[in-house]
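Chain P: place on chain Y using the hints.
Going down the list, the sequences are from chains Y and P. If you count the first sequence from 1, position 34 lands on 34 in the UniProt record's numbering, and the numbers rise without skipping. If you count the second sequence from 1, position 361 lands on 361 in the UniProt record's numbering, and the numbers rise without skipping.
These aren't lab readings, by the way, just hints derived from the structure by calculation. For clarity, every value in this text was computed on a predicted model and none was experimentally measured. Beta carbons: idealized from backbone N, C-alpha and C, even for Gly. It cannot be assumed that every hint is accurate.
[Unchecked claim] Quick list of the computed label-pair ranges, beta carbon to beta carbon:
(1) Y/N22 <-> P/V198: 35 to 45 Å
(2) Y/E69 <-> P/H176: 55 to 65 Å
(3) P/H156 <-> Y/D215: 26 to 36 Å
(4) P/T282 <-> Y/S216: 28 to 38 Å
(5) Y/K192 <-> P/N102: 35 to 45 Å
(6) P/F279 <-> Y/N22: 32 to 42 Å
(7) Y/Q337 <-> P/V367: 53 to 63 Å
(8) Y/T2 <-> P/K211: 53 to 63 Å
(9) Y/V198 <-> P/T282: 14 to 24 Å
(10) Y/L74 <-> P/D278: 30 to 40 Å
(11) P/V198 <-> Y/K192: 29 to 39 Å
[As the list claims (entries may be wrong)] Which residues of chain P face chain Y? A few of them, derived with a C-beta cut under 8 Å, are:
(12) Q247
(13) H249
(14) A250
(15) L253
(16) P258
Protein chains: 2
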Amino acid sequence: MTIVTCVAPVNMAVIKYWGKRNEDLILPLNDSISATFNVEYMRAKTTVMASPTFKENKIWLNGKEESFENPRLLHCMKELKQRAQKGNDVINWNIHVCSENNFPTAAGLASSAAGYACFVYAVAQLYAVEGDITGIARKGSGSACRSISGGWVQWHMGHLNDGSDSIATQFASVSHWTEMRILTLVVNDNRKKYSSTVGMRRSTATSSFLKHRADSVVTERVLNIIKAIKEKDFKTFAEITMRDSNQFHAICLDTFPPFMYLNSVSMTIIELIHAYNDFYGTPKVAYTFDAGPNACLFLLEADVPEVVALIQHIFPSDVAPVEYFKGIPVHHQNLSQELKAKIDIPKQNKGLIKYIFQTDVGEGAQVVKDENEHLLNESGIPKKLK
Amino acid sequence: MTIVTCVAPVNMAVIKYWGKRNEDLILPLNDSISATFNVEYMRAKTTVMASPTFKENKIWLNGKEESFENPRLLHCMKELKQRAQKGNDVINWNIHVCSENNFPTAAGLASSAAGYACFVYAVAQLYAVEGDITGIARKGSGSACRSISGGWVQWHMGHLNDGSDSIATQFASVSHWTEMRILTLVVNDNRKKYSSTVGMRRSTATSSFLKHRADSVVTERVLNIIKAIKEKDFKTFAEITMRDSNQFHAICLDTFPPFMYLNSVSMTIIELIHAYNDFYGTPKVAYTFDAGPNACLFLLEADVPEVVALIQHIFPSDVAPVEYFKGIPVHHQNLSQELKAKIDIPKQNKGLIKYIFQTDVGEGAQVVKDENEHLLNESGIPKKLK
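Chain Y on its own, in the form it takes in the complex:
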């Protein structure tokens, strides 16, 4: 095998990863927990080709050639070669890598996680690497280790100095909680993106809350949310998810100088979800926010139509439905007058939410068997170039 194409999913943390105890090995300060997004709607796709005729290693990301001399990339390559099956000539050949995402960078969803997971998974196929590869993906981009497996995943912080026990494992499969849906609300935002690598480093150096979180808060939350997911206890799952998102953003504010990923639209979404949950007297929706203003809402399939109708009521939009709704189609539902009357949040200006993307929990990284799907042609050159 000298060519392989793979896809890998995006994942969304419900217990957040923020802060490294070792920057080189990318070892986190605490465990994190994530759901894997369905790879059908949102994924990285990577073709890796090895050939004795290639003069050098090359990589193209989203149609544009990038330097292979990226320390993280080289770190992954070195480990993959060490783990390759002995006697495999392929590891001595140069490789060409071509990778693309099918979701806009504007979505603010961690593309590097899916990207590195896909790259490591694909090269592991090529080199016939056996055993765990999440620890290798971790060295590309921390949360990439959570995009190898599907379903519900735990990234164990590990305790060994060499990081060999800092790996990700699945604790609940795709088929476990099939009613779960995730709505990503992509928020309009014109602020500069604040790098999460820089932010983590700064929080680790200056926020005493971050240390307290890692030492005294997360361990219990991880145990409780795993239990809640295993028991399909939505109430507990939702409360921990929301609290953990809030705590992560609290740490950003406790960092010096402070920074804030949430904007006023994010804050209004938070208020709206609490108002909606209060209306029912129990959590029906959980929000979580990563390093940006976009909301990820976890909820059960049956509640999607009403929640989407409520969002559209508070955040009106002129965008045509075909553009506004992405992923799993949303069934239309009218809001009850009672709900409208009880939600004490004013209608916002038009266009604050760009679009809504619905997905469910899906499988992990996988090989694409159809040869037409390769992103490189027979000479190892991208079929599409920018």
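Only chain P this time, still in chain Y's reference frame:
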């Protein structure tokens, strides 16, 4: 003496009070530190009159009669009577109280602190109470205890169950750091005010960060900021002040459900101050935010003109200078091209900052001797009524 009129200042915390360990006695979870604002520009003013002919206790706030049956008010009255000089007949008479603030509620500055300090101070004069009265003011409104003294004040959390050691003391006088100025930037905001009493209660119940702050962070900060103020070490003072404000707002976000007093204008002010401090390579300005979006900037007199010019450059306003500038007059200065070029923050929309109020550090509560200043006429009726 059967009539007395007093004034009491506003105070601004640089180490924040957030969370009570006893709700009835208003005992805080941690020490706090504040600067007293000059009473000339912003103050509560209260006239208290006692007469054997008054049929009942009465109180007017800002020209409007309110109920005297307020538990906090009654709590203060009870303590003041217990502490009155023996044989003083006045304590058996009913009283009329008339109080007004000379600053708009819109300023979002804790009017209850100045109000209760003034009320307690005035009644203490009438009853010839001797010794500390900050512990009594505390029972009206926690931070009122910091508005009795001038200069720089420490509210000691205390450790006794009856709260008798939870009092405020001055540790640096008005004449100690005369170069210090405070600019309050009053921010336009149309959100509902989120009650600080409710917020504190909720943070105490749900935020593990609040407990960690009280147990492990504040004690050292208090020692260090007192040292910095005593040594006029602006750099250390500024850094602790900003960190403590950020930490308080981080706790609001770590509270469940979360709430946020800072809005996008507040966040832009924070960015602007950090950019300005970075330009000089040392803190020249410290921001602090209470339970609202308005910024309080601490800085030295010599830096006021440039900082105000910078604020006006980034936050343009159409308001006439006579309306826009309140308190100590600001001298006009042009911004250097170098500073303008280096501050990488876009000019904001007009009108985001309503006005700027400049003050310095001033004296505490005091008696007004001029009889024309009484707010009640000879019959004990307010001279001005709404």
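Status of the hints after comparison with the structure:
One distance hint, 35 to 45 Å for the beta-carbon pair Y/N22 and P/V198, holds here, with the actual separation near 42 Å. For the pair Y/E69 and P/H176, the supplied restraint of 55 to 65 Å holds, since their beta-carbon distance comes to about 58 Å. For P/H156 and Y/D215, the Cβ-Cβ distance of about 29 Å falls inside the hinted range of 26 to 36 Å, so the restraint holds. Between P/T282 and Y/S216 the Cβ separation comes to about 35 Å, which falls inside the hinted range of 28 to 38 Å.
Checking the proposed 35 to 45 Å range against Y/K192 and P/N102 shows it holds: the Cβ atoms sit about 41 Å from each other. Roughly 34 Å separates the CB atoms of P/F279 and Y/N22, a value that falls within the hinted 32 to 42 Å. In this structure, Y/Q337 and P/V367 meet the distance hint of 53 to 63 Å, their C-beta atoms being roughly 59 Å apart. Distance hint for Y/T2 and P/K211: a CB-CB separation of about 59 Å, consistent with the stated range 53 to 63 Å.
As the Cβ distance of Y/V198 to P/T282 is approximately 22 Å, the hint placing it in 14 to 24 Å holds. Y/L74 and P/D278 have their C-beta atoms about 34 Å apart, which keeps the hinted 30 to 40 Å range intact. Separated by about 35 Å at the C-beta atoms, P/V198 and Y/K192 satisfy the suggested range of 29 to 39 Å. Look at P/Q247: its Cβ gets to within about 5 Å of chain Y, closer than 8 Å, so that hint holds up.
The interface hint given for P/H249 holds, since its Cβ lies 6 Å from the closest Cβ of chain Y, which is under the 8 Å cut-off. Because the smallest distance between the Cβ of P/A250 and any Cβ of chain Y comes to about 4 Å, under 8 Å, the interface hint for this residue holds. Interface hint at P/L253: satisfied, since its Cβ lies 4 Å from the closest Cβ of chain Y, which is below the 8 Å cut-off. Residue-level restraint check for P/P258 holds (minimum Cβ-Cβ distance to chain Y is 5 Å; threshold 8 Å).
Violated hints for the displayed structure: none, as all numbered hints are satisfied.
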